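2 protein chains.
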Amino acid sequence: MTMPATQAANQDDYPTRLPQEQWLERKDPTVWGRWSPEAPLTRAETNAFDKNGFIVLNGVFSPAEIAALQHESAGMRSGETKLAPENVITEPGSDEVRTVFRLDEQNALFDRLARDKRIAGRVSFLLGDDVYLHQSRLNYKPGFTGKEFYWHSDFETWHAEDGMPRMRAISASVLLTDNDALNGPLMLMPGSHRTFVACAGETPEDNHKTSLKRQEIGVPSQDSLTKMAQQFGVDYAAGRAGTVILFDCNTLHGSNGNITPFPRSNAFFVYNAWSNRVGAPYAAKAPRPAFLSSRDPQAPLVIESGKLA
Amino acid sequence: MTMPATQAANQDDYPTRLPQEQWLERKDPTVWGRWSPEAPLTRAETNAFDKNGFIVLNGVFSPAEIAALQHESAGMRSGETKLAPENVITEPGSDEVRTVFRLDEQNALFDRLARDKRIAGRVSFLLGDDVYLHQSRLNYKPGFTGKEFYWHSDFETWHAEDGMPRMRAISASVLLTDNDALNGPLMLMPGSHRTFVACAGETPEDNHKTSLKRQEIGVPSQDSLTKMAQQFGVDYAAGRAGTVILFDCNTLHGSNGNITPFPRSNAFFVYNAWSNRVGAPYAAKAPRPAFLSSRDPQAPLVIESGKLA
Numbered sequence: 006m007t008m009p010a011t012q013a014a015n016q017d018d019y020p021t022r023l024p025q026e027q028w029l030e031r032k033d034p035t036v037w038g039r040w041s042p043e044a045p046l047t048r049a050e051t052n053a054f055d056k057n058g059f060i061v062l063n064g065v066f067s068p069a070e071i072a073a074l075q076h077e078s079a080g081m082r083s084g085e086t087k088l089a090p091e092n093v094i095t096e097p098g099s100d101e102v103r104t105v106f107r108l109d110e111q112n113a114l115f116d117r118l119a120r121d122k123r124i125a126g127r128v129s130f131l132l133g134d135d136v137y138l139h140q141s142r143l144n145y146k147p148g149f150t151g152k153e154f155y156w157h158s159d160f161e162t163w164h165a166e167d168g169m170p171r172m173r174a175i176s177a178s179v180l181l182t183d184n185d186a187l188n189g190p191l192m193l194m195p196g197s198h199r200t201f202v203a204c205a206g207e208t209p210e211d212n213h214k215t216s217l218k219r220q221e222i223g224v225p226s227q228d229s230l231t232k233m234a235q236q237f238g239v240d241y242a243a244g245r246a247g248t249v250i251l252f253d254c255n256t257l258h259g260s261n262g263n264i265t266p267f268p269r270s271n272a273f274f275v276y277n278a279w280s281n282r283v284g285a286p287y288a289a290k291a292p293r294p295a296f297l298s299s300r301d302p303q304a305p306l307v308i309e310s311g312k313l314a
Numbered sequence: 006m007t008m009p010a011t012q013a014a015n016q017d018d019y020p021t022r023l024p025q026e027q028w029l030e031r032k033d034p035t036v037w038g039r040w041s042p043e044a045p046l047t048r049a050e051t052n053a054f055d056k057n058g059f060i061v062l063n064g065v066f067s068p069a070e071i072a073a074l075q076h077e078s079a080g081m082r083s084g085e086t087k088l089a090p091e092n093v094i095t096e097p098g099s100d101e102v103r104t105v106f107r108l109d110e111q112n113a114l115f116d117r118l119a120r121d122k123r124i125a126g127r128v129s130f131l132l133g134d135d136v137y138l139h140q141s142r143l144n145y146k147p148g149f150t151g152k153e154f155y156w157h158s159d160f161e162t163w164h165a166e167d168g169m170p171r172m173r174a175i176s177a178s179v180l181l182t183d184n185d186a187l188n189g190p191l192m193l194m195p196g197s198h199r200t201f202v203a204c205a206g207e208t209p210e211d212n213h214k215t216s217l218k219r220q221e222i223g224v225p226s227q228d229s230l231t232k233m234a235q236q237f238g239v240d241y242a243a244g245r246a247g248t249v250i251l252f253d254c255n256t257l258h259g260s261n262g263n264i265t266p267f268p269r270s271n272a273f274f275v276y277n278a279w280s281n282r283v284g285a286p287y288a289a290k291a292p293r294p295a296f297l298s299s300r301d302p303q304a305p306l307v308i309e310s311g312k313l314a
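Chain order of the listed sequences is A and B. Numbering-wise (the numbering used here), the first sequence opens with residue 6 and increments by one. Numbering-wise (the numbering used here), the second sequence opens with residue 6 and increments by one.
A couple of the hints might just be wrong.
Heads up, the list lumps identical chains together, so a pair's fine if it works in one copy or across two of them.
[Claimed, not checked] As a list, the in silico DSSO-like pairs of lysine-lysine whose alpha-carbon atoms are at most 27 Å apart:
{"no.": "1", "residue 1": "K214", "residue 2": "K152"}
{"no.": "2", "residue 1": "K152", "residue 2": "K232"}
{"no.": "3", "residue 1": "K122", "residue 2": "K152"}
{"no.": "4", "residue 1": "K56", "residue 2": "K122"}
{"no.": "5", "residue 1": "K312", "residue 2": "K32"}
{"no.": "6", "residue 1": "K290", "residue 2": "K32"}
{"no.": "7", "residue 1": "K87", "residue 2": "K152"}
{"no.": "8", "residue 1": "K56", "residue 2": "K312"}
{"no.": "9", "residue 1": "K32", "residue 2": "K232"}
{"no.": "10", "residue 1": "K232", "residue 2": "K56"}
{"no.": "11", "residue 1": "K290", "residue 2": "K214"}
Read the hints as simulated data drawn from the structure, not as lab findings. These numbers come from a predicted model, not from an experiment.
In isolation and in its complexed conformation, chain A is listed as follows:
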């Protein structure tokens, strides 16, 4: 395999983990597909995604489909369904399940969900390419003690530590519980995806072992975040169970903790363009493990239509 041209050090459009933080202009489109009346998103939806770096699609999955997914999810969380331990992250100081990785490999219904036309078809249109899963997981944020997740751009980490060449990936969050402003929803800075914040600081070895619980390297400074928030504002994405949120790989996002009694759970899929497959990391000695960053996909996803349940 020859190394893609983008990976030659002198051609890196998104250098990061530098001595000093820098703001760089995005060098890639946000919407790679060409809109037509046959597109799986309306023109307004497509433009909103382009402008804001995210879109909230309500009522994508029916109550019956959500009930079926919740049933599978409960089985995985309760320990009833056997999971490979390396795919499970627990809450700090307890064995309560916070995240199940490689969700598509652990469970047939979630694999089917990942390949559903209502998500993967739309993402494939936005990325103008076939897609595969760079990462997939089930997130579970309990009530009362749900922890915050600090502001970050996913692409910064995927580029630096996973070797993702270009900004041509989209995350989809499928809400399995109702989510409102108060139980730790996804917060985003609309428009922030057009600026790449090259972060300060070298990548420590095995950074992912701590960064999954608390990220310290690869996040913008408080000064940058304040300026971005003043410029773009802070919005949040919420909705009933069955809602799908699509967001660009470079949109700054995070979430507050949750002391309400209402837990929050979602299935989370990162779709990368087939032409944008990962290579050697741009700013780390070794790539993160495969449960965080699929290193060797065999073929693009086979997208399927029809109801899940």
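Let chain A serve as the given structure and place chain B on it in line with the hints.
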């Protein structure tokens, strides 16, 4: 001074810190005053307070008044204004000011604010009595790292640890910064003020030394909170700087942490009815110190009219 009849152990309407948690009906009115067209709140506002246990009053203080208060607040936080160290609580692990107690004694403008007719006059009407300050403080929740404050009823602590006989006290929060759903606003369970959750567990000595940072005794169980949230829902109180939130002493409330860059600051006054002055604690060996619980007020507040600035 003779002991009020309510303090005889066999007449305590609100026993708490018991071997087992219990739900008891509130034995006191929420609105003690009698509404008339001359009342300082509309009939609808008065009824809403009675029903929900809180009310949000927008635009009570003008931008010029808020600017003057913010100026005084900045002086106290920066250390420019000398403060007695026992009145200041800092963030865990730093010397950043989180709370300034005895706000009315530290600063003339905040003293005037506490006695303003637009707050104290309305509270005095709702309580149907003269009022005095049981506690007063300036709260400062920074951006990025603002910590959550767990669910509690203030009255439970004030009764158990301060010796407040009846539910006849109201807290007022004056927003000095804009506050929305995302930067850790006050969350409340509307209607929860009608139930007294008698809490499980004996009061440890000097409980306030830890409970101000993280309360563990005197809070309802997760089971109770879940039932209450299902019954009453969770609402939040937000608004522009200059908004005033009034809430009953027994309304369950808390707040999430705040990772947004937007700090949150408010002046906080607890008004107690003059006839409801504190005595010996109902469920603690010694009362909390005077900066948390004014033990010996000399006279009711003198309420003043007119602009602050």
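Q.
Tell me the numbers of any earlier hints that the structure contravenes, in ascending order.
A. Numbers 3, 5, 8 - these are the hints that the structure violates, sorted from lowest upward.
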